[in-house]
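There are 2 protein chains.
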Amino acid sequence: MQAAIISVGTELTTGQVVDTNAAWLAGELTQRGVQVVEHITVADDVERLANVIRRTLHESASKLMVVTGGLGPTKDDVTREAVAAAIGQPLEESTEALAQIEDFFLRLQRRMSAVDRVQAMIPRGATILPNRRGTAPGIGWIRDNGYLFALPGVPSEMKAMFVESVLPLLEGVTDKTRTLEARLHCFGIGEAKLGERLADLMNRGRNPLIGTTASGAVVTVRILATACDEAEAKSKLAADVAEVRRRLGSAVFGDAEDRLQEATARLLVRERKTVAVAESCTGGLLASSLTDVPGSSAYFLRGYVAYADQAKIDLLGVSEAMIASEGAVSEAVARAMAVGCRDASGADLALSITGIAGPSGGIPPEKPVGLVYIGLVDSTGVQVKRFLFGEHLSRDQVRDRSCKAALNLLRLRLLEGGAA
Amino acid sequence: MQAAIISVGTELTTGQVVDTNAAWLAGELTQRGVQVVEHITVADDVERLANVIRRTLHESASKLMVVTGGLGPTKDDVTREAVAAAIGQPLEESTEALAQIEDFFLRLQRRMSAVDRVQAMIPRGATILPNRRGTAPGIGWIRDNGYLFALPGVPSEMKAMFVESVLPLLEGVTDKTRTLEARLHCFGIGEAKLGERLADLMNRGRNPLIGTTASGAVVTVRILATACDEAEAKSKLAADVAEVRRRLGSAVFGDAEDRLQEATARLLVRERKTVAVAESCTGGLLASSLTDVPGSSAYFLRGYVAYADQAKIDLLGVSEAMIASEGAVSEAVARAMAVGCRDASGADLALSITGIAGPSGGIPPEKPVGLVYIGLVDSTGVQVKRFLFGEHLSRDQVRDRSCKAALNLLRLRLLEGGAA
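Protein sequence lines correspond, in order, to chains A and B. When the count follows the working numbering, it moves up by one through the first sequence with no breaks and lands on 425 for the last residue. When the count follows the working numbering, it moves up by one through the second sequence with no breaks and lands on 425 for the last residue.
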């Protein structure tokens, strides 16, 4: 089966926004053996969009067309009109769609404005695709000549609707060939060194195909296994996943959508340990990553964002003299912050971060931007590590690297089962 | 002048890579008054690509076509062939192109392989676009019926070639027409209601062209002004920006790349106010957004991530009895957290957030997931607002909306100059 993806939006054709929906949809369809032959992006222009849809419908190749965007309530949302024109059906207010929209506003206890009502206009004979995450329902048009789906442009709404409403309708038409993907995420190892360990598995044309990508200091190993059916693809994939994990050991912290915080959270729960954090330059980012995992109340007790020196003194009992002599960004202060945090919170483990995120505030050569001290304390003692993330990194990058390094320190300690 | 952008690559049509070239080119062309009417992405398939190029050439609308990708030396690079087929010219080895390629390898002191030689094959009569950053020269085809340019897919090579070789060839045809863009970001107003207020400005074909997009509860008004020269475009744009700001008032928090934290930070600095925060469900996210603005130490004193009940009691003096009777997610606790935070920190303003981020922990109907109380206290008193973000939102979305709502509350208070 062949497919075309159409993205609608003047913000896309003028280059103000990069379209990520098309790539996501293409990935989902490709996995299921659908060959995506074309992505087309058009402005919020009803005639042009209608023409593109008509043209694509009549190119016998594309039996499946997925349109995203342009379903909202405002004047520049032209997809409803364009689809109706292309399939030659009048737009009619759907009581079913209207009920869904009204229900959405009801659930949010918000007033539905008159303008929102236009989102209930659906081409006669079309299927309504419910939108649990937003107001605009999707549109499905299924005829012997093919499948046409119009989904919202908001990625979260589009993805949910595709999975919940579109895929079930496509069952059976997508063929059995499967390409399955696994991703293993690593931290604390460079992409080059990792590449050496996997060199013999990374030849082009090999199946499974193995590649690596690095982003934000996390190196991801991507494994693509193709087979004539799902079961075989699964076993091919499982074998390589096991081999890669064996070679990389504890550098692998997780798979799929795991981030360091999910990996660390799992270990905290498994070891039944609680944690508290004291942060300066990361300003709450570490606490926020530890608590963005559902169920974090099982292990996260509290966080101190001791940004000003006075806060370090009041909240964590860091001595004013120490800050004066060593400076707020020092091994001694990181140590004192971690110890003070554990004592005050009663947590099993405490992490501290103090550093210079920049862009200003660095005092090279001793204390350049990107200098960060991270402390970890548990019943077995205190450990402080010094990091030089480099002045070429942005403030956001230094803060991000600092959090990841702290989470990884905690993760490795929990793996050792060191915390008593 | 109208243009079409064509991106070539199976890695794009299968969704392995997100195409950023098309957006960059669209931005460059839009700025120069060229209307980009379509982006098309096709796989490495010579017939299909040739058909798309032919189709686009004959759509009289598009006088300009820019193709990126598929110029490399490997078998899956099909753009040379496709362009030749589409314009009906044979491919010939160009001594000029060959010399450029050989020179490139010489400069890098690398040996040129036999495979690289194919990159010197150019359609008869085409213009060669030099590639200073890579091996594959670009192809230009300029005839009365329009302009066709084929550029490499590597972004750095593509951008350099576009600026150095394509723009000069377009001089005169892109005339002086300029399209300038402004974006105004709004919070606390729905896209539909905003659309009502701007309805008469949002008619299609109007110049400036005004559209809206919503993302993460932020609604952005996009204004595109086109005029026959830069000065006129600027004044057209300025007039509409002023009018939109007038109609939307304090709902507009910033423009360009502003986020709520930048807007709020500017006001804190202007009003010389300090702030401290006490967070439960957002777990440090609010502190982290207030501190991810450079120079935040000027206004941010400290943050309490009072996640466990005991932390609320120890750090903020919330009474155990109140938590028992009202529950940790209640107006009373939000109020006590804000007051306790201001007292302990000595900040001019203090914000508190307590809520149910989910996915579990909700007790409908009284306390569903997405129920959040936000407190704001300054010398003039305490204000607590109740939010129902809706159970359809993910944990991340509830946390994100809560932070934005808190920042907006602070922003509006600072605008009133209320804080003493």
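Fair warning: there could be bad hints in the mix.
[As the list claims (entries may be wrong)] So the derived list for chain B, only partly shown, Cβ under 10 Å to chain A, looks like this: (1) L111; (2) R112; (3) Q114; (4) L290; (5) A329.
[Said to hold, decoys possible] A short, non-exhaustive set of chain B residues, derived as facing chain A with CB atoms under 10 Å: (6) V120; (7) E201; (8) P364.
Don't read these hints as lab results, they were simulated from the structure. In this text, a Cβ means the ideal position worked out from N, Cα and C, and glycines have one as well.
Cross-check of the supplied hints:
1. Interface restraint check for L111 of chain B: the shortest CB-CB distance to chain A comes to about 28 Å, outside 10 Å, so the restraint is violated.
2. Using the Cβ-Cβ criterion of 10 Å, the hint placing R112 of chain B at the interface with chain A is not satisfied: the shortest such distance is roughly 25 Å.
3. The beta carbon of Q114 of chain B comes no nearer than 22 Å to any beta carbon in chain A, farther than 10 Å, and the hint placing it at the interface is violated.
4. Proximity of L290 of chain B to chain A holds as hinted, the smallest CB-CB distance being about 4 Å (cut-off 10 Å).
5. Annotation: A329 of chain B was flagged as interfacial toward chain A, and the flag is violated, the nearest CB pair being 17 Å apart, outside 10 Å.
6. The interface hint given for V120 of chain B is broken, as the beta carbon of that residue sits about 14 Å from the closest beta carbon of chain A, more than 10 Å.
7. The restraint placing E201 of chain B at the interface with chain A holds, with a minimum CB-CB distance near 6 Å, inside the 10 Å limit.
8. Interface hint status for P364 of chain B: upheld, as the beta-carbon distance to the closest one in chain A is roughly 6 Å, under 10 Å.
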